[in-house]
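Chains A and B are the protein sequences, given in the same order. All letters in the first sequence, in the order written, are residues 879 to 1270 by our numbering. All letters in the second sequence, in the order written, are residues 879 to 1270 by our numbering.
Since the hints were made in silico from the structure, they are not lab data. In this text the structure is predicted, and so the values were computed from the model without any measurement. Heads up, some of the hints might be wrong.
Unchecked claim - Ranges between beta-carbon positions, derived for each pair: (1) D1080/B x G1114/A: 52 to 60 angstroms; (2) L1025/B x P991/A: 42 to 50 angstroms; (3) D1080/B x G1073/A: 42 to 50 angstroms; (4) R1214/A x A1138/B: 35 to 43 angstroms; (5) P991/A x A1138/B: 38 to 46 angstroms; (6) A1035/A x R1249/B: 57 to 65 angstroms; (7) R1026/B x R1226/A: 32 to 40 angstroms; (8) G899/A x L1025/B: 46 to 54 angstroms; (9) R1214/B x R937/A: 28 to 36 angstroms; (10) R932/A x R920/B: 16 to 24 angstroms; (11) G1073/B x R937/A: 42 to 50 angstroms; (12) L1025/B x N1157/A: 36 to 44 angstroms; (13) P1110/B x R1214/A: 45 to 53 angstroms.
What the hints assert, rightly or not - Rough simulated footprint, nothing fancy, chain B against chain A, three-plus residues with beta-carbon under 8 angstroms: (14) 899-910; (15) 954-966; (16) 1186-1192; (17) 1209-1221.
To be verified - Listed next, the in silico BS3-like pairs over lysine-lysine satisfying Cα-Cα at most 27 angstroms (straight line): (18) K896/A x K1223/B; (19) K1233/A x K1135/A; (20) K1223/A x K1233/A; (21) K1233/B x K1135/B; (22) K1135/B x K896/B; (23) K1233/B x K1223/A.
The beta-carbon is built from N, C-alpha and C at its ideal position, and this holds for glycine as well.
Take a look at the letters that make up each chain.
There are 2 protein chains.
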Amino acid sequence: MALRVPGFLAAGVACGIKDGGALDLAVIASERPAVGAAVFTRNRVPGAPIRVSRPRARRGRVRAVVVNSGISNVATGERGCRDAREMTAAVGRELEIPAGEVLVSSTGVIGVPLPMRRILRGIPMAVRALSPAGWNRAARAILTTDLRPKLVHQNAAGFALLGIAKGSGMTMPNMATMLAYLVTDLAIERSWLSGVLREVVDSTFNRLSIDGETSTSDSVAVMANGAAGNRPIEAGSRRGPEFVRSLAAVCQELVEKIAADGEGVTRLADVVVSGARSNAHADRIARKIANSILVKTALFGSDPNYGRLVQAAGAAGVPIEVGRLGVRVGGVWLLRNGVPVGGTKALRRAERAMKQRRVELAIVVGSGAGRATLLTCDLSYEYVRINAEYTT
Amino acid sequence: MALRVPGFLAAGVACGIKDGGALDLAVIASERPAVGAAVFTRNRVPGAPIRVSRPRARRGRVRAVVVNSGISNVATGERGCRDAREMTAAVGRELEIPAGEVLVSSTGVIGVPLPMRRILRGIPMAVRALSPAGWNRAARAILTTDLRPKLVHQNAAGFALLGIAKGSGMTMPNMATMLAYLVTDLAIERSWLSGVLREVVDSTFNRLSIDGETSTSDSVAVMANGAAGNRPIEAGSRRGPEFVRSLAAVCQELVEKIAADGEGVTRLADVVVSGARSNAHADRIARKIANSILVKTALFGSDPNYGRLVQAAGAAGVPIEVGRLGVRVGGVWLLRNGVPVGGTKALRRAERAMKQRRVELAIVVGSGAGRATLLTCDLSYEYVRINAEYTT
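Generate coordinates for the entire structure from the input sequences, incorporating the hints supplied.
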C-alpha cells in the first residue's frame, strides 16, 4: 500500500535519549543489498557520524541507516567517532550485514557524549520493530525542534520513492540544515546515483535558508535496492530523467515541509534575483537577502521595505547597476531603474501581499543574465524565544 | 571649556523631517579653512550623499558637514544626487564657502525623496544656530532609532579632539553602520590624515557588528583646522603617533557607545578568535560567530552554548583543526582539544558569566598565529519588535 517501498523497512523507537518516552531512534534498512549515496554538510566541524559515514557513502554500498535525535555527537572528540562506529556495528550485528554498509546520523545538542548504554539497548529494539509500514514512526524519531514529521511518498510508473526529513532551525545554504533519507526500489548504478543526488540537493535543499546557519550534522542519503527488477539505471539510461524528476520533486516537497515548519515561522518568501552578471553573483545576492535579519524582521512585520532588500543586495559584495535596480514585492513594482514607483498605493498593495503566508521578493540588480532563487522565512519573536531557551 | 574645539562650530535644529519637533538637521563647520578625510560604506548601493561626498573627501578640503536624519536619500535616482548637492550648495551659500568643501550625509528611511523645501528652510536656521557649544544638539540631530546621543571629547596635550556618532541598527562589519564626525584643532597634512583615518576605522568601527547588515549610508569623516597653531602633522612627525592614539581612543569610545545603544541590546560580547592560520581567517570566523543569530539568541538567553560557537566557526569556510578546538566563555573553558571539559560545574560558571552585561566568547580554532576580535551583541525580542515595526 501507500507509504511502502518494496524491500525497505523502517522503525522508530524511544530509547531514552529524549525525556517522556519520545521517539528518538530510527533505523531504515533494505532487505536486499542496495547501493547508496549521500551528501553531507560543508561545515568544517562535521559531527562524528559524518566522519564515519562519509567514506562508506563514497564506497556506495549502503544497506541501512541508524539515526538518533536529542544529542548530535558533535565536538565529542575521538570518543564521538568510536560511539558512531559502535552504533553502526550494533545495527550490522542485528541485521547480519557488514557495519561498513550502515550509515549513521545524530542530531540535537552539541558537545554532549551519547548515552551509549541506552542507544545500544535501543538498537535491537528498533531492528525488531522494523516493518514495511514503519516510516511514520521513523520520521518522528529523527525530529528535534520540528513540530511535524516530514514524509513524502511517490508511486511513479513502476517504482516507488519515499523520503523523510528533519529540520527546522539551524537551516541554511551550504547543504540546508537537516537530515533527509530517501529510498527507492529501482536498481540504479551507484556512481550515477551519487552525481544525481548532488545535483538534486543543489537545486532543492540548498535553495532553502531558514536562518543562515550551517549545521554540523546535515546529511541527505539515498538508497536504491533494485526490488523493482529494472535494469540498473545509469548515465544515458532512458529512465534516468524520470527518476531525477521524481527525486527532485520529492526533495522539493520535503524542503517545503521543512520551511513551513521552520522555528517560529509565520511567513515564507521566495527570493528571486535577476539581472546579475552571473548565476553565482545572483546566488550571493539572494543569500544575503534571505539571511538578512532586517529583511526577515520586515517580512515578519509585513513591511514592504524595499530599502532593506536594496541594502542587503548592495552588501553582497558583487557588482550592481544602481540605475537599473528594481524591486517587486508580491508582484507589485516598488522600485524601477533605481527610482521608487507606484507611490503609497503600490506600497499598500505590496503590504497586503506581504500579509499572505507566502510572498515573492524579487530584485533586479542589472542587465545581466544571472538568476537565482532561494526560499526563506521571517524572523519572529517565537524564533528568538525558541533559540534563547533551547540548548541545541 | 569642555565640549569645545577651537575654531569649530556645531548646530542641530528641527526642520520638520521627523514628527513632533525632533531635531533632524545638523551642521558642523570650521571657522577657518580645514582639511578633511572620510571613509564610506562598502555597500554597492551607496546613498546619493555618499556619491556626492566621496570625491570631495578625496580632494581633502573639507570645511563643513550637513546631516539630516529621518530619510536616507538612498534609492532615489538622479534626483537624490541633485538633492544632496543642493543641500551642500545651501550650506556653502550661508557660510560663504565653496559647496565643494561641504560633505553631506542622510540617514533614515530608504527610497523616499527628501522633503527639500523643509531642508532648505532648515539649513539657514542651522547655520544661524552654529555655536562652539552646539555639539550636544548636533549629536542629537543625527540620531534615528538610537536611544542616546553619542559624543566623545578629549583634551590632550595641546589639542582637542571631539567626535559624535549615530548608529544602533543595521550596524556591521564593512564600515560599521553609522555616521561619525570627528574634529580636531590640530594642523594635519591631508593625505596622511586620510591614511590614518582608514587605519583607525579598520581597528575600531570595523570591529563592531550589531546585526551583520551593512548600511548604504555609513560614513566617518574627520576635519582638522589647525587652530592649535602646530606645524602640520605628517608622515614621520613626532606628534603623529599621539594623534593616532587619540583618534583611535575617541573612535573606540564611540563604538562602545554605539554597541551599548544597539537596538534591543541587553548584552555585549567580545568575540575572540585565535589559533587560525591567518588574521584574515580569524576575522572570517569572528564575523560568522558575531553575526550568527543562533549565537546571538543564545547570548540573549545567557546560554553557554559552545556548540553554536563551534557550528558558526565551522561554517566560516576556512580551515579548522578539529582536534584543537577550544571554547572559553566568560573565562571558563568548556571545550579543549575538541572535547568538552569541566562538566556541569563549568557550564554553570559560564552561564553566570553570560548573565553579565558583557561577556567574552573566545574560540581557539587551531595552532596558527591568526587572531581577531569583534564586538557584537545579543538578539532580543526587542530587536525583532523594533525592526518589524520600524520602516528604515
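Which hints, by number, does the structure contradict? Those not satisfied are hints 10, 11, 14 and 23.
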